[in-house]
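Quick mapping for you: the protein sequence lines, in order, are chains A and B. For the first sequence, this note's numbering begins at 1 and goes up steadily by one. For the second sequence, this note's numbering begins at 1 and goes up steadily by one.
Mixed in with the good hints there might be a few duds.
As the list claims (entries may be wrong) - Among chain A residues calculated to face chain B with C-beta under 7 angstroms, some are: (1) Gly34; (2) Phe56; (3) His71; (4) Pro77; (5) Thr102; (6) Ala105; (7) Tyr133; (8) Gly144; (9) Ala148; (10) Ser153; (11) Val162; (12) Leu163; (13) Tyr179; (14) Pro183.
Simulated from the structure, these hints should not be mistaken for laboratory data. Using N, Cα and C, we set each Cβ at its ideal position, and we do this for glycine too.
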Amino acid sequence: MGTQVAPHPISPAQERGAVRAARPYLNPYAAGVGVGLVLLLTFVVLGHGLGATGAFSTLVATGAATVAPGHAAGSLPYAAYLEHGLASPLRDWLVLEIVGVTLGAVASAVAAGRYRRVVERGPRIGAAARMRYAFAGGLIMAIGAKLARGCTSGLALSGGAVLSVGAWLFIVAAFGAGYAAAPLFRKAWT
Amino acid sequence: MTPVLPIAPPGLVVEILSALVFGIGFGWFLERGGLGSAKKIAAQFYLTDMTVLKVMFSAIVTAAVGIAILGTAGVVDPSRLFIQPTFVLPQLIGGLVFGVGFVMGGLCPGTSCVAFASGRWDGLALIGGMLVGIVLFNEAYPLLDRFYGSTPLGVTTLAGVLGIPFGAGVALLTVVAGAACVVAERIERKVAK
């Protein structure tokens, strides 16, 4: 008498072969060393680090210059992202870099069978609410990043590696506030 | 002999190619590490998955050690590296505001692009929120500019504050980051129980 084997539940999607099994993520330390080597190469070749928020600042400034050229030219936070050409680091370089980030991420996700068109959310929150939280979170984060002159990429990662005091103040404050505010958003994630 | 790196000025071809190639590498490794997933990032704040801390600290240490070695070897001129200037209060308050948005949205500006690139619509929503946030900041700038420029310390490094060489500062950082990762591993095991 052999052991009874339970029939394996197969979803219709798996039957059609539409969903490949997603490969597990890389060891976080290995991924970190990978990011660190890319960051090191960026410093070595160009003399500055990586970034993210600056690319969106350039997009906003370019948009403002198209819609309201006078307003954008006369307002410092817009004008600061308009006067530089492609040859200036940390301005338009970042827009291209972010295009690269998107290409690299899509290649990695597809190669690992992880590309999924979903709204990723916790078990107790609906998709529409999750989209609102993401939008509001992005809005708040952008204001913080603008005040601090950088985000997790441009300030924490890049400034952290060259031991900038401001970068480490930002890292400690951001994680501290994240932990302090976490109970407020528990329902969104757990 | 003066170090040849960083390349100055890089020129248009190097600018364009480096932006794309280094961007692709950055996005690739962020996705590999699982940082395109808001749930995985948010778990950092509920102590169930400390991947954010591990990836960030190992990336910072890797780059810092590399810069220290190549600087000492005379390959790279450390004085020509861009170091984020310090503005104590704006970076502290900015960090606090950022942290609240971070746990609410579950992604940071860079990883929102990774999330969107791996098919997640919440990544796109976060990008939309960021664009609006930047417009709000820019429009409020006349009210904020005094605070924005307050408490400036110029280019100040942790090594400079401690009065030690850059290499010693990097060594110290490596020890602290290593200890933080050991603690993170313990917390993960404890919470899993």
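Evaluated hints:
1. Look at Gly34/A: its Cβ gets to within about 4 angstroms of chain B, closer than 7 angstroms, so that hint holds up.
2. Interface hint status for Phe56/A: upheld, as the beta-carbon distance to the closest one in chain B is roughly 5 angstroms, under 7 angstroms.
3. With a cut of 7 angstroms, the hint placing His71/A at the interface with chain B is violated, because the nearest CB-to-CB distance is about 9 angstroms.
4. For Pro77/A, the interface hint holds, since its Cβ comes within 7 angstroms of a Cβ in chain B; the closest pair sits about 4 angstroms apart.
5. Annotation: interface hint on Thr102/A holds; nearest CB of chain B at approximately 5 angstroms, less than 7 angstroms.
6. The restraint placing Ala105/A at the interface with chain B holds, with a minimum CB-CB distance near 4 angstroms, inside the 7 angstroms limit.
7. Interface hint at Tyr133/A: satisfied, since its Cβ lies 6 angstroms from the closest Cβ of chain B, which is below the 7 angstroms cut-off.
8. Given hint, Gly144/A at the interface with chain B, holds; its Cβ is 3 angstroms from that chain's nearest Cβ, closer than 7 angstroms.
9. Among the interface hints, the one on Ala148/A holds; its C-beta lies about 3 angstroms from the nearest C-beta in chain B, closer than the 7 angstroms criterion.
10. This hint holds: Ser153/A has a C-beta 4 angstroms from the nearest C-beta of chain B, less than the 7 angstroms allowed.
11. The interface hint given for Val162/A holds, since its Cβ lies 5 angstroms from the closest Cβ of chain B, which is under the 7 angstroms cut-off.
12. Given the 7 angstroms rule on beta carbons, the hint for Leu163/A holds: about 4 angstroms separates it from the nearest Cβ of chain B.
13. Because the beta carbon of Tyr179/A sits about 6 angstroms from the nearest beta carbon in chain B, less than 7 angstroms, this interface hint is met.
14. The beta carbon of Pro183/A comes no nearer than 9 angstroms to any beta carbon in chain B, farther than 7 angstroms, and the hint placing it at the interface is violated.
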